[in-house]
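Novice: If you're matching them up, the sequences are chains Z and C in order. Following the numbering used here from start to finish, the first sequence increments by one per residue and tops out at 480. Following the numbering used here from start to finish, the second sequence increments by one per residue and tops out at 1263.
By construction, these hints were calculated from the structure, which means they are not laboratory data. No residue lacks a Cβ here, since even glycine has one placed at the ideal position from N, Cα and C. Careful, some of the hints might be misleading.
[Claimed, not checked] Pulled a few chain Z residues facing chain C out of the computed Cβ check, cut under 10 Å: (1) Ala276; (2) Asp428; (3) Ile430.
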Amino acid sequence: MTEAEELKKIADREYEFGFVTDVESDSLPPGLDESTIRQISSRKDEPEWLLEYRLKAYRHWLTMEDPSWPKVERNAIDYQQIIYYSAPKPKKVLDSLDEVDPELIETFEKLGISLDEQKRLSGVAVDAVFDSVSVATTFSDKLAEMGIIFGSFSGAVKEHPDLVRKYMGSVVPYTDNFFAALNAAVFTDGSFCYIPPGVKCPMELSTYFRINAAGTGQFERTLIIADEKSTVSYLEGCTAPMRDENQLHAAVVELVALEDATIKYSTVQNWYPGDADGVGGIYNFVTKRGICKGARSKISWTQVETGSAVTWKYPSCVLLGDDSVGEFYSVALTNNMQQADTGTKMVHIGKRTSSTIVSKGISAGRGQNTYRGLVDVKKGATNARNFSQCDSMLLGDRCGAHTFPYIEVRNSTAKVEHEATTSKIGEDQIFYCNQRGISTEDAVSMIVNGFCKEVFSELPMEFAVEAQKLLAVSLEGSVG
Amino acid sequence: MSGKKENSMLEIKGLCASVEGTTILRGIDLDVKAGEVHAIMGPNGSGKSTLANVLAGREDYSVDAGTVQYNGIDLLELSADERACEGIFLAFQYPVSIPGISNAYFLRTALNAVRRYRDESEVDPVDFLELVRSKMDLVGMDEKLLHRAVNDGFSGGEKKRNEILQMAVLDPKLAILDETDSGLDIDALRIVAEGVNALRKEERSIVVVTHYQRLLDYIVPDHVHVLSDGKIARSGDKSLALELEKEGYSWLQADDAKAGNNA
Chain Z
1 MTEAEELKKI ADREYEFGFV TDVESDSLPP GLDESTIRQI SSRKDEPEWL LEYRLKAYRH
61 WLTMEDPSWP KVERNAIDYQ QIIYYSAPKP KKVLDSLDEV DPELIETFEK LGISLDEQKR
121 LSGVAVDAVF DSVSVATTFS DKLAEMGIIF GSFSGAVKEH PDLVRKYMGS VVPYTDNFFA
181 ALNAAVFTDG SFCYIPPGVK CPMELSTYFR INAAGTGQFE RTLIIADEKS TVSYLEGCTA
241 PMRDENQLHA AVVELVALED ATIKYSTVQN WYPGDADGVG GIYNFVTKRG ICKGARSKIS
301 WTQVETGSAV TWKYPSCVLL GDDSVGEFYS VALTNNMQQA DTGTKMVHIG KRTSSTIVSK
361 GISAGRGQNT YRGLVDVKKG ATNARNFSQC DSMLLGDRCG AHTFPYIEVR NSTAKVEHEA
421 TTSKIGEDQI FYCNQRGIST EDAVSMIVNG FCKEVFSELP MEFAVEAQKL LAVSLEGSVG
Chain C
1001 MSGKKENSML EIKGLCASVE GTTILRGIDL DVKAGEVHAI MGPNGSGKST LANVLAGRED
1061 YSVDAGTVQY NGIDLLELSA DERACEGIFL AFQYPVSIPG ISNAYFLRTA LNAVRRYRDE
1121 SEVDPVDFLE LVRSKMDLVG MDEKLLHRAV NDGFSGGEKK RNEILQMAVL DPKLAILDET
1181 DSGLDIDALR IVAEGVNALR KEERSIVVVT HYQRLLDYIV PDHVHVLSDG KIARSGDKSL
1241 ALELEKEGYS WLQADDAKAG NNA
């Protein structure tokens, strides 16, 4: 088999998670107005303050424009065609996994997300979000013994309204951007996590998002609060069926780290990327931001972005507390017609704050990959430090890599470093590997994995292995 | 030490090959038996490196005519990685660098690919390191190079030693050394050549492609072939190489003129 055929074979490999689960769902008709929001709120039996919040966000959203500045080309979204609420039936309060629809359990098994007791062995607690609703959370009881709250966002609204009210929108206000406003208006569920002072969360917490129903948008919110001297590591995974339409995923993630707290947030994003001609796929427009509120707190984002037709996200850190630390490690891979415009914002406000940015972009096929980042050192951020490294790798000659690093420094004691490289996997490298017995497929994946190594080493072990496999599966395009 | 064995390792008949429409090889016949060392010499542009690359299965080269039998199989049917797994090793004239992949990881991946192909069990990192260390002395290579990225920032000499190290670890049946002497000073040349000599054995054939005779002072060939304009113009024993050293390649043109070569 020639190299070209081999690459074609890799390219033609189907999206592994493209199946549809046959469950009955309870959905609102497509369309968005105030009554849609009232219906979502009443179906979720929400308190009045939350409905008011939603409506304020909606009214603000109406005044905003769909942003056009990202370096992506996409179809206009018709917001009246989207189904804003879809929940698997029967919708009732679940007391244990036994009550979850077996079809759903099977779906998550297929995805390699075991919701049952086996997961105890690997020490991961999972909150599974299917379409818009959290269907199951494992290990909540065990975590509760330590005072850790982990479960669905709607659950938290009912059980811990004070915490939710205090922090929701405090990092990403609904006025922040178009999609954050939309999310605040129509979000349906998501995950909530609170780690009490001094507690080191003993297991990885994980949310698994699955879009299933056709025509739906997924709008979930995640809120994680790490109280003083606490530590938590959080994982997020996502998949969706193959569909010809573009489905919108507009999530909001807010992280709050108080004094001496550490939050590590890892994402392996594998939404359906669309087919080779760019038909279908998820529009992944997500606002993720954390605030290092207390002194010496730390927030670390690690993301592996291999899916979605269009990815548009900038997991960011506001470094408010003195000596706080922000980190961003990213691998973004675009194939076929995929586009990604991703990066981070590090806002240095406190003294001696430091941030690290390591971004690895891989473009193949006709994929377009953009790094866009902002390092913003405010006036009071004495002795702030930043190190940024942005590397791009090209496979073939029809793809593109772009870098837009913005640096704003208003304090002369700041030290900001930026390094960037662009490389290409050449036929020579592939032939060299072939000549040593390594197949083209393995050679490409070895070279790409080597390129991403610094980021993978930041992922929890189990996720790192998954990420490597995912990259190998996602690689397609021509070499040379 | 050889030449008496009857079984052919490599049998090339009437091989014609071209690159991007330009014909380079114009009918090569070559018979290499197990355990033999053959030197392919010739002026620049005569097709030496093309022959090496065609045998290794490089895609940019198209084979237009002829056959290549390797241990009884049709070599031209196999992809480059299958040929490598079948025991063909090419020491590159210009080894490429692969940033981000450590030399040790690369070599272990290669070794395990070859072993999988042969239905042998994979070698774990500990056993691998032991194996590599035992081979490193052969080429006088610093262990530090194992942990650097493949050929990345290596000196010319380090790259060539690395090629021979890979050869020692992968244990090929047929090794093709493409201008292994180029870019080496005399000390490095000697060390590399000693490494190659240590790898000579009854079951292994070696084809040495070189422009200069000096490498053949160290790696003494059983047969010498002179390539000119894509064909083997002369074959002989090691004395042919010495003759070339004295007279240069100009006589080839004279021969061509006599033969009325119009290619």
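Novice: Kindly indicate which numbered hints from before are broken by the structure, ordering the numbers from low to high.
Specialist: The structure breaks only hint 1.
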